[in-house]
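Enquirer: What follows is each chain in one-letter form.
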Amino acid sequence: MQARIPVEGGDVVAALRGFLRDLLEKEVVEAVVVPMVTPSGAVTPALVADPALLDAADPLTPVMGLNAARVVGPVTIREPRGKIAAVLRPCEYRALIELVKLQQASLDDLVTVVVDCPGTYTVPDYETMRANGGVDREALLAGARTGEVAPQEGYAFRDACQMCERPHAEGGDVQVWLFGADLSAGIPVSLPDDLAEQLGFSPAEADGRRAEVVEKVVSARTQVRDERFAEIRQRLEEEGIEGVFAACIRCHNCMTNCPICYCKTCLFKSPIFEHEPIQYMNWARRKGAFRLPADTTLFHLTRLNHMVLSCIGCGVCTDACPADLPVGRVFRAVGQEVQAVFDYVPGRDVEEPLPLVTFKEDEWTEVGEEE
Amino acid sequence: METTEFEPKIVAFLCNWCTYTGADLAGTSRIQYPPNVRIIRLMCSGSVDPTYVLKALLDGADGVLIGGCHPGDCHYQSGNYKARRRIIALKEILKQAGMEEDRVWLRWISASEGQRFADTVRKMTEFLKEKGPNPMKREWAV
Amino acid sequence: MASRPRIGVYICHCGTNIAATVDVEAVTEFAKNLPGVVIARHYTYMCSEPGQALIKEDARKLGLNRVVVASCSPRMHEPTFRAASQEGGVNPYQFEMANIREQCSWVHHDRDEATAKAKALVVAAVAKAARLEPLEDREVGVTPGAVVIGGGVAGMVAALDVAEAGFPAYIVEKSDHLGGHVADLNRTFPDLEPVAEWLPGLIERVQSHPNITVFLNAQVARVEGYVGNFEVTVSGSKVSGSGLGEPGTHSLQVGAIIVATGYKVFDPHRKPEFGYGLYPQVITTLEMERRLAEGDLAVDGKEPEHVVFIKCVGSRDKQLGNPYCSRVCCMISAKQAQLVRQALPDTRVTVFYIDVRTFGKRGEEFYDEARRSGVRYRRGNVSEIYRRGDRVVVRVEDTFLRRTLEVEADLVVLAVGMEARQDTDEIATLLKLPRSADGFFLEAHPKLRPVDTAMDGVFLAGCCQGPKDIPDTIAQARAAAASALIPLLRGTVPVISETAVVDPELCAGCGMCVEVCPFGAPALDPLWGVSRVNAVLCKGCGACAVTCPSKAIQVRHFRPDQILAQVDVLVE
Amino acid sequence: MQADIQELAKELGLGLDLLGCIQCGKCTGGCPVSITTALNVRFLVYEALVDALPDLGGMEELWDCTCCFTCVERCPKDVRPAELIISLRSQLVESGKIPGTIGDALMSIFRQGNPLGFAREDRAAWAEGLGIKSAREGCEVLWFVGCVPSYDMRSQAVAKAAAKVFQAAGVDFGILGTEETCCGNEVRRVGEMGLFEMLVEEGKPLLESVGAPTMVTTSPHCFNTFKHEYNLEGMEVLHYTQFLARLIEEGKLTFSGKVERVVTYHDPCFLGKQNHVFDEPRAVLQAIPGVKFVEMDRIRERSLCCEGGGGRMWFEGTNTEERLAFQRVHEAAETGAEVLAVACPFCMSMLEDAVKVQGLEDRLKVMDILELVAEAM
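Heads up: the sequence lines are chains A, B, C and D, in that order.
Heads up, the first sequence is in my numbering, so the first residue is 1 and it goes up one at a time.
Heads up, the second sequence is in my numbering, so the first residue is 1 and it goes up one at a time.
Heads up, the third sequence is in my numbering, so the first residue is 1 and it goes up one at a time.
Heads up, the fourth sequence is in my numbering, so the first residue is 1 and it goes up one at a time.
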């Protein structure tokens, strides 16, 4: 059903808080995962059980430090637990779907609330903004309405957001539509009929501009994306992946923050990649010099093999990189091609099997038969 | 100055049941092929980890050959089908990452195809000679 | 990890097979300096007694804990050297082979190149050996009982032997009765014993045996598991004291499977030159059995003056795709020809043949008896049959006379051969059994393992493996039963030790290993959310290990550090 | 020497497999002339196998073989016995030891493009005034008329019937006229491999140059060699019975008249046994309104050869008394048929002669299927 969350006095955030509070008070769920503003003013996801604390909830804060799918995983993965709602950005929802396939999260008894995302800032940028008078949320929502989304002057959206071609809510139980919406008339939402009934919503058509505005935003960002892909592809071709990642300090932050990298311990931190001192000496002798720590390019290439089919392009890896390497751009650019080979779109459908755990007998029948 | 012809190094990951046995058959049939290939025996082409292939390439191997049973003949039912997807993905990643994916060959060679094994090694050796050494061989900063 | 390596390296000359191309001394000297190597030797034949003794003595004297032999393919002598290592006190799984014969000395001419390659293969073997862990030989329990597919003579006899040994036997018969093709026979060669004198007794013994369960109108729908522990799903009706039960699905747990699905009688419509189906005078040996049983040999109400037998119909025929001899038609023809002579002393009986193959016990004597009874044997492969008045004409060259004849006959009997059943394909797919070019099931070895198959725990009995007479069928059925009884009586079967194993500390419980395993070996532990491997089901293929990004699941003996160590030294 | 013969056969492109032979006699047992002549192909194979072949020059029976290929079709070991005869004939041709009449026919083919001794420029005379276009103008169907229908008076009637039928069915067809040259099917079978190769070398580009997707032949002999030995590219080769059956099935060939007669059919060896075209001729006959179709006993794979193939049109044979065609026309008459339908110019010639010699003219008429079809148009 399509409905509208009533907005009073133009306070969209308050309206959303009210919606979440309703979920708790009407016992639709027992707790909500939602970005909260800490007493010191930073923003972090939290699992909120007390509706009273939802006053600190701020689902529209344009800052993204981590991908919330990472935190939804642990709180949903096993029974027993109560029913939960999770407020997610589209890229977080897609990551969640991939994690569900990897059995690192569960959709059972989970109400996903996917909110259109006009764009986010990095944590440092956000902190600077906060120190300098805060974020102009109104301008952002106005941009979402028209499709002329621009970052605040003097700032830029996160690299991943600038080239995000899926900023709009797709999938999920509840979709909160900001694109093209006149929020003064209420926030358009799409939600299951039984939930709408439980919450006392009556049907209300969203205004018809959403598709048009989404198209506008997507096409602008796709253009940026393609330019950046072309640029990074050229670099990969010229410098090789070892060149692009030459400044890597092997902090593993990209892997640690990646919502898809779900391993308890990365292979590259396991004894398999611990070597005897004499071994390093051998390698040094073999090539004349040996880069330390060992296996840096192997790490990135292996990580590509392990997760690039599931890369949903949230870009937290880039933000996490202290060496300012274009990790997200590389992974997205490579991922686009590899995903296309298998006609796989990560996060599209939870029923879609991961490409490497399935196969068809009659595919690529020419491969391997060459003379 | 004496110049010696470039002799490529090929690391081969062969499945125990088909291609490794096919390589043995090439031996028992005394079918000659270039000595450039170094064989590692695995139980199934479906157990060839991309990391092994990447490691070989980054270490400087000029080629990597992965040999498995023909589709439908896998000793473990479907290992080769999974290998096919995995190697296709790996090669696409290599290509996108600016590496030479054509140094990686996947071939189905049965236990009775000693000749095909020898031919494959010969062709791969010739191909790699033409192509030249793996640049990674000289690259210390990887 | 494992103990600090003390490795012994042994380079085999294999006579001159290796030594002629590879400088074994140079390889030995080279091996001595490899990390962990305590001793390196070369010897003429490492697989010989004295060769193996070298390993054992060194292992004891020098306290070796790893052994590397560079010789032939591991497919050849790995068991030999593992045993030798074990006798020397080294764990047999801390043994590695370098294949410097099949994959080196036999395929390269240049001595320098071959020697360099041999060295590389030895380094790789040493690198892997250093990282090998000790493993135990493993056995698993066996579910007592066997499924026998097919309720003909082969199936019944095999089931009886299994049952007599004290194990449950389940016969799965496709038709609505036991007895197979033999039930359609009248008397058997070479003793002319009526089938009715022994077959009903056999069927009765089967049906009344407390250890045998019979399913009729039944088919095997699914087979899962492995030697010692099969789960066979049967759809069909169970026979009980009160008769045939309702059709249903039955799940049978057994340790062995005996395939006794029999054969298909050749359809002579495929030889249009004989006019079978067109002329009532032209019948098959199977139809003749019925006529002989009923004592009805009349054609059009008249006693035949001349009965002609034609042999090799559907056999020894390349054009039909049946190049083999069906083995029984010569004896069947001799039998039926004699019986015609006995029943109708005035009737002329002619057998046209290509070769007379009445081999086996009392076979030649039976052929003698047939000729003495007045049956005329004429050499010539009948080419064509056509009508002449009430009779048919057999057009054939008597190759001894070198003359083409038009022989008039009142009854022509086509000695039809045997073919693989059309459903052989289904059974082959269910059980993953290979077939030979003629369509019959393929035995594991034509001489040494005639009743075994490529699938451990699955055995062949009777004509499903190739045409056979009744004595041979029964002999093979009893051999299959005896082979099936080996695991049943032992109570255990050996299984591979190189299985997958999970490090629960590393496992994130993603379940991809569970998804890719074709054998159902790993499963997620519902309590801990981590993968656990049922080693009995694991075949060691490694699909799981590749899929696992953190390598929480690995296959013993093919662990990533072992493979990467090989890669590393081989690229050097 | 056995090996030499095997090697020769291989060079001639024959699949003869001497060493596969088990001397079972299936070949000779089914050979139509093995009772009436001294020809014993099984024994010839044996003699070849054990290097005991006598002087071929004295073996006139080698020319008795009609190349019906019954032996080839039935041999359980796929030895292809008749190809030994072709190999041996080729040796005789090499040494010039061939029956004079066969020599004349070959010379006529070499010079005039037909074995009948007629002039090349008269080849299309029969078609004058019938409005048949030249295939050179482009056509969907190239009709290969054949030598006998082009020149032989009796068979010309069949050719004219064909033209009428094709025109009535609206077929876009053309003929090569005086450019048409003998297909060489019998040339190859009498062992004149050199001439056959020449005919293929010249004929193949000519036929392909027409660019028609389909070629239809009047004779099963032309059909056989074009289909299997010319390797024609981009061209489907059909015998006219196949083509007519197709036209009838597609509703393009319809009948307005009736043929109220009892008809039986004789399978030509080159159409039936060798190419397994059994059903189409029967389908065409049974589609003709009024026809009561009856079968003889020896039909399809067991059909009796008319003795006209393999060069026998130009060689009387060693036994002129007992001809298979004589036996065949009696078999046809016994069915009560008034018409013995044929689908081959050689069968027409052999069987019509036999009807005359056997005095069956008032009971049995030999007609080509095409004539019956034309009659019902």
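A few of these clues could be false.
To be verified - Distance condition first, Cα-Cα at most 25 Å in a straight line; then the derived SDA-like pairs of lysine to any residue: (1) B:Lys137 - A:Ile249; (2) A:Lys264 - C:Trp528; (3) D:Lys77 - C:Ala508; (4) B:Lys131 - A:Ile249; (5) B:Lys123 - C:Thr188; (6) B:Lys137 - A:Gly240; (7) B:Lys137 - A:Asp362; (8) C:Lys447 - B:Glu139; (9) B:Lys95 - A:Leu354; (10) C:Lys61 - C:Arg75; (11) B:Lys137 - A:Phe290; (12) B:Lys123 - A:Val123; (13) A:Lys83 - C:Tyr377; (14) B:Lys137 - A:Pro293; (15) B:Lys95 - A:Trp364; (16) A:Lys287 - B:Glu139; (17) A:Lys360 - B:Asp73; (18) C:Lys174 - C:Gly225; (19) C:Lys432 - C:Gly141; (20) A:Lys269 - C:Gly225; (21) D:Lys204 - D:Ile5; (22) D:Lys77 - C:Asp267; (23) A:Lys264 - C:Ala428; (24) C:Lys318 - D:Ile5; (25) A:Lys287 - B:Asp73; (26) A:Lys269 - B:Glu5; (27) A:Lys360 - C:Ala428; (28) B:Lys131 - A:Gly240; (29) A:Lys269 - C:Gly141; (30) A:Lys287 - B:Glu5; (31) D:Lys77 - C:Arg327; (32) A:Lys269 - C:Glu133; (33) D:Lys77 - C:Arg270; (34) C:Lys32 - A:Met281; (35) C:Lys432 - A:Phe273; (36) A:Lys287 - B:Asp119; (37) D:Lys77 - C:Leu527; (38) C:Lys32 - A:Glu227; (39) C:Lys432 - B:Asp73; (40) B:Lys137 - A:Phe273.
The set of hints was computed from the structure by calculation and includes no laboratory data.
Enquirer: Each of the hints needs a verdict: does it hold here or not?
Expert: Right, here's what the structure says about each hint:
Using a Cα cut-off of 25 Å, the hinted pair Lys137 (chain B) and Ile249 (chain A) holds, with the two alpha carbons roughly 22 Å apart. Using a Cα cut-off of 25 Å, the hinted pair Lys264 (chain A) and Trp528 (chain C) holds, with the two alpha carbons roughly 14 Å apart. Simply put, Lys77 (chain D) and Ala508 (chain C) have alpha-carbon atoms about 64 Å apart, too far for the 25 Å limit, and the pair is violated. Between the alpha carbons of Lys131 (chain B) and Ile249 (chain A) the distance comes to roughly 33 Å, so the proposed pair goes past 25 Å and is violated.
Under the criterion of a C-alpha separation no larger than 25 Å, the hint pairing Lys123 (chain B) with Thr188 (chain C) is inconsistent with the structure, at around 61 Å. The suggested pairing of Lys137 (chain B) with Gly240 (chain A) holds, with an alpha-carbon distance near 14 Å, which does not exceed 25 Å. Distance restraint check for Lys137 (chain B) and Asp362 (chain A): the Cα-Cα separation of roughly 38 Å exceeds the 25 Å cut-off, and the hinted pair is therefore not satisfied. For the hint linking Lys447 (chain C) to Glu139 (chain B), the alpha-carbon distance of about 57 Å lies beyond 25 Å, and the restraint is violated.
Restraint check for Lys95 (chain B) and Leu354 (chain A): satisfied, since their Cα atoms lie roughly 21 Å apart, inside the 25 Å limit. Proximity of Lys61 (chain C) to Arg75 (chain C) is assessed by CA-CA distance (about 29 Å); at most 25 Å being required, the pair is judged violated. Straight-line distance between C-alpha atoms of Lys137 (chain B) and Phe290 (chain A) comes to about 12 Å, which keeps the hinted pair within the 25 Å bound. The suggested pairing of Lys123 (chain B) with Val123 (chain A) is violated, with an alpha-carbon distance near 55 Å, which exceeds 25 Å.
Under the criterion of a C-alpha separation no larger than 25 Å, the hint pairing Lys83 (chain A) with Tyr377 (chain C) is inconsistent with the structure, at around 90 Å. Taking the CA atoms of Lys137 (chain B) and Pro293 (chain A), the gap is about 18 Å. The hint holds against a cut of 25 Å. Taking the CA atoms of Lys95 (chain B) and Trp364 (chain A), the gap is about 18 Å. The hint holds against a cut of 25 Å. Restraint check for Lys287 (chain A) and Glu139 (chain B): the C-alpha separation of about 7 Å stays at or below 25 Å, so the hint holds.
For the suggested pair Lys360 (chain A) and Asp73 (chain B), the alpha carbons sit about 14 Å apart, so the restraint of at most 25 Å is met. Between Lys174 (chain C) and Gly225 (chain C), the direct Cα distance comes to roughly 23 Å. Compliance with the 25 Å bound is thereby established for this hinted pair. For a cut-off of 25 Å, the pair hint linking Lys432 (chain C) to Gly141 (chain C) stands: about 23 Å separates their Cα positions. Between Lys269 (chain A) and Gly225 (chain C) the CA atoms are separated by roughly 37 Å; this puts the pair beyond 25 Å, and the hint is violated.
With a C-alpha separation of about 29 Å, the suggested pair Lys204 (chain D) and Ile5 (chain D) falls outside the 25 Å cut-off, and the hint is violated. For the proposed pair Lys77 (chain D) and Asp267 (chain C), the alpha carbon gap of about 19 Å is at most 25 Å, so the pair holds. Between Lys264 (chain A) and Ala428 (chain C) the CA atoms are separated by roughly 43 Å; this puts the pair beyond 25 Å, and the hint is violated. Only pairs whose Cα atoms come within 25 Å are accepted, and Lys318 (chain C) paired with Ile5 (chain D) is accepted, the gap being roughly 23 Å.
For the proposed pair Lys287 (chain A) and Asp73 (chain B), the alpha carbon gap of about 41 Å is over 25 Å, so the pair is violated. In summary, the hint linking Lys269 (chain A) to Glu5 (chain B) is not supported, as the alpha carbons are separated by about 40 Å, beyond the 25 Å threshold. For the proposed pair Lys360 (chain A) and Ala428 (chain C), the alpha carbon gap of about 21 Å is at most 25 Å, so the pair holds. Pair hint Lys131 (chain B) plus Gly240 (chain A) holds up; C-alpha atoms about 18 Å apart against a cutoff of 25 Å.
For the suggested pair Lys269 (chain A) and Gly141 (chain C), the alpha carbons sit about 39 Å apart, so the restraint of at most 25 Å is broken. Between Lys287 (chain A) and Glu5 (chain B), the direct Cα distance comes to roughly 20 Å. Compliance with the 25 Å bound is thereby established for this hinted pair. For a cut-off of 25 Å, the pair hint linking Lys77 (chain D) to Arg327 (chain C) stands: about 18 Å separates their Cα positions. Note on Lys269 (chain A) and Glu133 (chain C): the hinted pairing holds, with a Cα-Cα distance of about 21 Å set against a maximum of 25 Å.
Proposed proximity of Lys77 (chain D) and Arg270 (chain C) is supported: the alpha carbons are some 16 Å apart, at most 25 Å. Among the hinted pairs, Lys32 (chain C) with Met281 (chain A) is consistent with the structure: their alpha-carbon atoms are about 20 Å apart, no more than 25 Å. For the given pair, Lys432 (chain C) sits about 40 Å from Phe273 (chain A) by alpha-carbon distance, which is inconsistent with the 25 Å threshold. For a cut-off of 25 Å, the pair hint linking Lys287 (chain A) to Asp119 (chain B) is broken: about 32 Å separates their Cα positions.
Distance check on the hinted pair: Lys77 (chain D) and Leu527 (chain C) sit about 67 Å apart at the alpha-carbon level, beyond 25 Å; violated. Pair hint Lys32 (chain C) plus Glu227 (chain A) does not hold up; C-alpha atoms about 58 Å apart against a cutoff of 25 Å. In summary, the hint linking Lys432 (chain C) to Asp73 (chain B) is supported, as the alpha carbons are separated by about 10 Å, within the 25 Å threshold. A hinted pair counts as satisfied when its Cα atoms are at most 25 Å apart, and Lys137 (chain B) with Phe273 (chain A) qualifies at roughly 20 Å.
When the structure is compared with the earlier hints, violations turn up for hints 3, 4, 5, 7, 8, 10, 12, 13, 20, 21, 23, 25, 26, 29, 35, 36, 37 and 38 and for no others.
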